[in-house]
Amino acid sequence: MLILNCPYCGVDAEETELAAGGEAHLKRFGPGSSDDEFHDYLFMRENPKGVHFERWRHSNGCGKWFHAARCTQTLEVFGTYSAQTTEPPKEIKDAITAKRPGWTWREYE
Amino acid sequence: MSEPISALNHASYDGIAKVQECGLQGMITLRGDLSDKVLAKAVKDATGQKMPGQREAFVDGESGVCWMSPDELLVLVPYVEVEAKLAAMTNALSGTHALAVNVSDARAVFSISGSSAREVLGKLAPVELSSKAFQPGQIRRSRLAQVAGAFWMDDDQTLRVVCFRSAADYVFNLLKVAAQPGSEVGVY
Amino acid sequence: MSTRLAKQGRLIDRSKQVTFTFNGTSMQGYEGDTLASALLANDQMMMGRSFKYHRPRGVVASGAEEPNALVGLGQGNRFEPNQRATTTELFNGLTSVSQNHWPNLEFDIGAVNTHLSRFLPAGFYYKMFIHPKPFWKHVYEPFIRQSAGLGKAPDKDNRDADTYEHFYAFTDVLVIGGGVAGLQAAKAAAQSGAKVMLIEQTAHWGGRAPVDGGTIDNEPVDKFVEQLVSELETMGNVTMRSRCMGAGVYDHGYVLGYERLNDHKPGTQGPRHRLWRIRAKQVVTATGAIERPLSFAGNDVPGVMLASAMRDYVVNWGVTPGERVIVATNNDDAYRTAIILKQAGVDVLRVIDARAAAGPLAEEARQLGIRVDPGKAIAKVKGGKRVKKVAICNQEGIGGAREEVECDAVAMSGGWSPVVHMWSHCGGKLIWDDANAHFRPDPARPPLGANGEGFVVAAGASNGPLALGDVLTDAHAAGKAAAKAAGFKPKNTKAPAGETTQEAAMQAVWLMPANADVQLRMKSWLDFQNDVKVSDVQLAAREGYESVEHTKRYTTLGMATDQGKLSNINGLAILADALESEIPKVGTTTFRPPYTPISMGAIGGEARGEVFQPIRQTPMHDWHDENGADWEPVGHWRRTYAYVRPGESVHDAVNREVKNTRENLGLLDASTLGKLIVKGPDAGKFLDMMYTNMMSTLKVGKCRYGLMCSENGFLIDDGVVARIDEDTWLCHTTTGGAERIHGHMEEWLQTEWWDWKVYVANVTEQYAQVAVVGPNARKVLEKLGGMDVGKEALPFMEWRDGKIGDFDCRAYRISFSGELSYEIAVPASQGQAFWNALMEAGKEFGVMPYGTECLHILRAEKGFIMIGDETDGTVIPQDLGLHWALSKKKEDYLGKRAHLRSHMADPDRWKLVGLETVDGSVIPDGAYAVGEGVNANGQRNMIGRVTSTYYSANLGKGIAMGLVKHGPDRMGEIIEFPGTDGKTYKAKIVDPIFYDKDGEKQNV
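Protein chains in written order, with this note's numbering: chain A, 1 to 109; chain B, 10001 to 10188; chain C, 20001 to 21004.
Derived from the structure by calculation, the hints contain no laboratory data. Hints are supplied without guarantee of correctness; some may be wrong.
As the list claims (entries may be wrong) - Each computed DSS-like pair below joins lysine-lysine, with the alpha-carbon atoms no more than 25 Å apart:
| no. | chain 1 | residue 1 | chain 2 | residue 2 |
| --- | --- | --- | --- | --- |
| 1 | C | Lys20757 | B | Lys10037 |
| 2 | C | Lys20484 | C | Lys20791 |
| 3 | A | Lys27 | C | Lys20757 |
| 4 | C | Lys20957 | A | Lys99 |
| 5 | C | Lys20685 | A | Lys27 |
| 6 | A | Lys49 | C | Lys20429 |
| 7 | C | Lys20783 | C | Lys21001 |
| 8 | C | Lys20484 | B | Lys10132 |
| 9 | C | Lys20494 | C | Lys20223 |
| 10 | C | Lys20659 | C | Lys20957 |
| 11 | C | Lys20757 | B | Lys10041 |
| 12 | C | Lys20265 | B | Lys10176 |
| 13 | A | Lys99 | C | Lys20429 |
Said to hold, decoys possible - To list a few chain B residues with every Cβ distance to chain A over 10 Å, as calculated:
| no. | residue |
| --- | --- |
| 14 | Glu10003 |
| 15 | Gly10048 |
| 16 | Gln10054 |
| 17 | Leu10093 |
| 18 | Thr10096 |
| 19 | Gly10114 |
| 20 | Ser10115 |
| 21 | Ser10130 |
| 22 | Lys10132 |
| 23 | Ser10142 |
Remember, predicted model here, so these are calculated numbers, not experimental data. C-beta atoms are modelled at their ideal positions from N, C-alpha and C, and glycine is treated no differently.
Just chain A, with the same shape it has in the complex (with noise of 0.2 Å):
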């Protein structure tokens, strides 16, 4: 069962106080977009065995969305941060590539 530290409120948030969101950073796709863009947005997501950009809601507290990087494959976790975001902030990146040198995820390197 993971801990995450929500960055809205600091507490290290066992998974049961937390609820998961899916992957993180997807682009909305609205009216006027191409039926490839709308069914990439709607059903294309990532399953990668190692790093990955996944969304959580604190929901069992302070209830606010945030971001969390982790390892699918050893449960690591490089780092939560905001949601109000649409791409992992250098900080996050750089902590995954001190341990997954070479990591690429979507367009991120």
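Following the hints, put chains B and C in place on chain A, whose structure we already have.
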């Protein structure tokens, strides 16, 4: 107006700690920019307390203010004053982007008191409640078994627990089980 | 016979006699006994029968690894099956019964299986119960069910009398195991200042070291343990729990501890078990080692025991399992048993050592007059319910040239395996240690924690070292390492010095004799509880089972309640040999939690009875309960389905409520409907994205019915939205939807449009809301007095704040029934008083409360959809004829883009229609409509399904709504719904509005 009645009307239970439904407590959910001076003044005017920092709770009797999230406070005032305080607060915040609503009747409040109070709650919430980790002045939002709850300490042996009104019966029964005689854990 | 010795027994108090029963026979033991030691003291060696062949089984071990001595404990509402006699502390009045036999333990019909064992080989069930197919239900399944399970399940009418609880604990270092290694590791860790928790599964500290002897810092082990325990007890940063087993190690330092508080004193006040949900920064596993049996023919006969267990019984409980004992071994340690037995006055006939040479302990034994036979093996143990004699042969060879020796007990030792379970639960890897012929933790590959570093350190015998001195050194280092990894600075201290007699090398012996013939292998047990023999594993290998995991499942090796604690290594050594491979290549099966079975009660904790799950109650809950409420769960809420009067059926009550609400006055407790306040300069813009229709243009004081879709386009919720002021809206959600839709709104605000100025608050429970419905609705409100609720002052789809009677309220003129209807919200604390006032004032107007079924029928008569009935997560507004609620003006809203996808615009989608049975009957819930032809599976083609179906008392017939292919274009057509009752229901496709099509009743 007829006499308002709290969820469990002061029900109580004595076990390894005393569990009591506290009756009606005035509560206002206030959402806004917590660094805003107008908002801070409105809170101070209503409660006499300064703006709490992350997970802080400044409570004195029936008045106080608890940090709920980076943009939310729980403002405590005596139940009979809640409408007046809310009106004053709404008035003070009229030019500010903020939301203040009365949630007094949407909640139930319990106190758990006695030397085993921390242990009673420690059976239901996945939170470290040793005196080193949790003290008066702090608030924690978590879960109480299967429902959401928040709690702070009145003093070193008294916890105050807030949950939704509809779950009051469940939470009271939970606390009764957790406080049953002979169930001291002996760690806190 | 097995009997109590005159001396010895460090754990028993001979001044305190205890009376207990076994299979109805009263017996005596002492305080400090386990049930197993007390049974042995009463010469009760046979304690049960095995699972498959019902063979007589005696106790073989002395602790958690015991596979055989499983009993049913207690009576009535405290009965529990499958309890290990070896870990059951004796108390006055204990009642126990043996298991898996009929009619009794001594004489058992099922034992005939043992004579059929040739015909019940590995994989028997897989091979046998395949054909013919019809036999499955009526022959095989009853047979398997009858023979499945060891103990008797508790009687369903006798609910467990005990209570259980969880406790959340947090520590820097958790040490699992309170033997000398665990104690020493705890001390080393605690000296750094780290917070340490130490748990031990038995009632005693020190583990087995005091039995095995030796000295620590020149003191006897017992004394060392005593001093160390009292030292730890005085340290403020150490928490110690005995009778608390480490059950499992999970991700990110999560560990379950299973504390048995009252098992040794049942009926005591307080919970019986406590499940500790521990979070540790570092975990030290000091779980010791378990001795392996030797595989020889007849090694399952009662009286054959582990050598270590035999000396435990002598030293700890003053009991000898036999009077004339033979010891069989492949290592020096078993000589300790021979010596201890001899010193206790027991006749030790031989030590049969498979090795050519032994160490100093053998010399010590010889000097005590014990005969040592090197290079020998047990060919066969003879005896049925008790060891009678042993046939001895050379270890090398097939088992010929035997010499027979009469005896009544055999102590066996095949070497020691570290208890690596806790290390392995969360992914720690093992390495093979050739010298000791066991797997031990690979320190280079520990389980990884949240920071990517190892969070488990193995200590003492569970890490490989077996000699006392090595164990202490290893444990001391492990304690320091754990403290360091947890962020503390360990003190520069040295481990205490442990001294024991030097041991010569052991020799791996996986079969006795080495080339035993098939007759012997068929009687050489690996798994005592599940009856898996050497020959079974060899057969599996011949049949192609190369993976140890597959072999385990095929043979059931290690799948019994002991999870292979004794059989695992021996079994895979046999498999490796049969596959002509090496043990480390074959590998081991996965160790999974819990370490030993834990009670269901402990897992459930407090969640039983009235707190099994939360039941949400409205402010008027108790009134409903006192007035005949037939409850319906809606999410966690309880809502009244119907108010049943004395003498009425539920169906009668529903019909009465339906008619009365249409003709007079009905009250519905609508408090459960979600109420969300949405406020801010961007609130209108935000709600335009959330709802399919336009909310920003709603005028203050007015209400609008809105639909919500997911980004996929599917309907997720609906409800009436009221505009409160210039930048505030109140959104009603469905009963189950308040938290979900609140979360949905917050998700979009926090993760997509975080620059929009909007705040949302869930005020659902602030209000008690009552729907006042029917032709007399206005009359009752006017009688109470207060605000003007007239047609002009409060028109349809508007709301006003004001007072009704004494009550501050918000009145919404909205209708989900087609009647004149108000929904009145008052503070929850006054909900009951308001309800009472309405009931009292409504008497002259024929008031009756109504429940959710009446609500459903009234709305269905009007063709109103219900989220969850007409929708199921695959339905879009267009399917339900709700095009009018889809804004064409808005550029964007959640679901808009999805509705353009080809499948969403498909004209063949099933669409909402009304359904009227030809004969007035009610179509069964969930029925499907069938059309022409069959599909690829030969089933009738489906052309639609019922979504809501009721008997309408107002119309005197069955009415329904359903989704039907091309439905709206097929008005008047009759389609067929086959029911599961064998009947086919014919229904005409009609307009879904059955009642008051022009809406005249609500517009008054």
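Against the structure, the hints:
1. Lys20757/C with Lys10037/B: holds (18 Å)
2. Lys20484/C with Lys20791/C: Not satisfied, since the Cα-Cα distance of roughly 77 Å exceeds 25 Å.
3. Lys27/A with Lys20757/C: holds (21 Å)
4. Lys20957/C with Lys99/A: Since the Cα atoms of Lys20957/C and Lys99/A sit roughly 70 Å apart, the hinted pair is violated (cutoff 25 Å).
5. Lys20685/C with Lys27/A: holds (20 Å)
6. Lys49/A with Lys20429/C: holds (19 Å)
7. Lys20783/C with Lys21001/C: holds (21 Å)
8. Lys20484/C with Lys10132/B: holds (21 Å)
9. Lys20494/C with Lys20223/C: Measuring from Cα to Cα gives roughly 19 Å; hence the hint holds.
10. Lys20659/C with Lys20957/C: Roughly 13 Å separates the two Cα atoms, so the pair holds.
11. Lys20757/C with Lys10041/B: holds (21 Å)
12. Lys20265/C with Lys10176/B: holds (23 Å)
13. Lys99/A with Lys20429/C: holds (21 Å)
14. Glu10003: Given a closest Cβ separation of 33 Å, the condition holds.
15. Gly10048: holds (25 Å)
16. Gln10054: violated (5 Å)
17. Leu10093: Answer for Leu10093/B: holds, closest chain A Cβ roughly 21 Å.
18. Thr10096: holds (21 Å)
19. Gly10114: Since the minimum Cβ distance to chain A is about 26 Å, Gly10114/B lies beyond 10 Å and the statement holds.
20. Ser10115: With a cut-off of 10 Å, Ser10115/B remains clear of chain A, as the shortest Cβ separation is near 26 Å.
21. Ser10130: Holds: least Cβ distance 15 Å, greater than 10 Å.
22. Lys10132: holds (15 Å)
23. Ser10142: Given that some Cβ of chain A is not farther than 10 Å from that of Ser10142/B, nearest at about 6 Å, it is violated.
Hints 2, 4, 16, 23, counting from the list given before, are not met by this structure.
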